[in-house]
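The task is simple: from the sequences and hints, build the whole structure.
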Amino acid sequence: MTFRGLALVSVTLVLAACAALRPLEQRTTQGPTAQEFWMYRVLLTNGREPNFDERRHWEDQIDDQIGRYLRAHPEAANSLDVSTFRFFRRASVGMTKEQVVILLGSPEAVTTDPAEMEKLARKYWPAVKGQAKEAWVYPLGWHLYFADSRLVDITQYLPR
Numbered sequence: 001m002t003f004r005g006l007a008l009v010s011v012t013l014v015l016a017a018c019a020a021l022r023p024l025e026q027r028t029t030q031g032p033t034a035q036e037f038w039m040y041r042v043l044l045t046n047g048r049e050p051n052f053d054e055r056r057h058w059e060d061q062i063d064d065q066i067g068r069y070l071r072a073h074p075e076a077a078n079s080l081d082v083s084t085f086r087f088f089r090r091a092s093v094g095m096t097k098e099q100v101v102i103l104l105g106s107p108e109a110v111t112t113d114p115a116e117m118e119k120l121a122r123k124y125w126p127a128v129k130g131q132a133k134e135a136w137v138y139p140l141g142w143h144l145y146f147a148d149s150r151l152v153d154i155t156q157y158l159p160r
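Quick note: the sequence shown uses our numbering, first residue 1, plus one each step.
Just to be clear, a hint being listed does not mean it is correct.
[As the list claims (entries may be wrong)] Here are the simulated lysine-lysine pairs, DSS-like style, with alpha carbons at most 30 Å apart: (1) Lys123 to Lys97; (2) Lys97 to Lys129; (3) Lys97 to Lys119; (4) Lys129 to Lys119; (5) Lys97 to Lys133; (6) Lys133 to Lys119; (7) Lys133 to Lys123.
Derived by calculation from the structure, the hints in this document are not laboratory data.
So this is what it looks like as structure tokens:
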């Protein structure tokens, strides 16, 4: 390999390493799953992944909560995006605050201050500000934006 070839390979490797260290920043309509957050919380609390019995117990609990919600809200049970809530257990745009709390738990912080929401939304603020009235902060850099009781936008910023 020539000096020029070696230099090219070195530069490519350095650029790839720098790209891998960029923060994760995204705007999406499909947010985190209930299982991701539950596993994250178990790891933080116990320092280990949950065992089979703990997983089964959690799945039974969340299935029960989702079932109770759908029985109490038949309009949600018949909506087109019920599979995202019931089977994928993923927060998504259009869900109610109650559905989000069932899936993800209570937020770490809540704000209605536009200046704070702008900091959370970062480069996506111009798109978010038109409809968001409240922002919920969750672990792993997730920010959920609500207009009244409906989830209208989702962003994530996770420095690496």
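Hint check results:
For the hint pairing Lys123 with Lys97, the CA-to-CA distance comes to about 24 Å; that is within 30 Å, so the pair holds. Our distance criterion of 30 Å between C-alpha atoms is met by Lys97 and Lys129, whose separation comes to about 18 Å. Of the supplied pair hints, the one linking Lys97 and Lys119 holds, its CA atoms being roughly 22 Å apart against a limit of 30 Å. In summary, the hint linking Lys129 to Lys119 is supported, as the alpha carbons are separated by about 11 Å, within the 30 Å threshold.
Among the hinted pairs, Lys97 with Lys133 is consistent with the structure: their alpha-carbon atoms are about 13 Å apart, no more than 30 Å. Between Lys133 and Lys119 the alpha-carbon distance is near 14 Å, which keeps this suggested pair within the 30 Å criterion. Between the alpha carbons of Lys133 and Lys123 the distance comes to roughly 17 Å, so the proposed pair stays at or under 30 Å and holds.
In terms of the numbered hints stated before, the structure departs from none.
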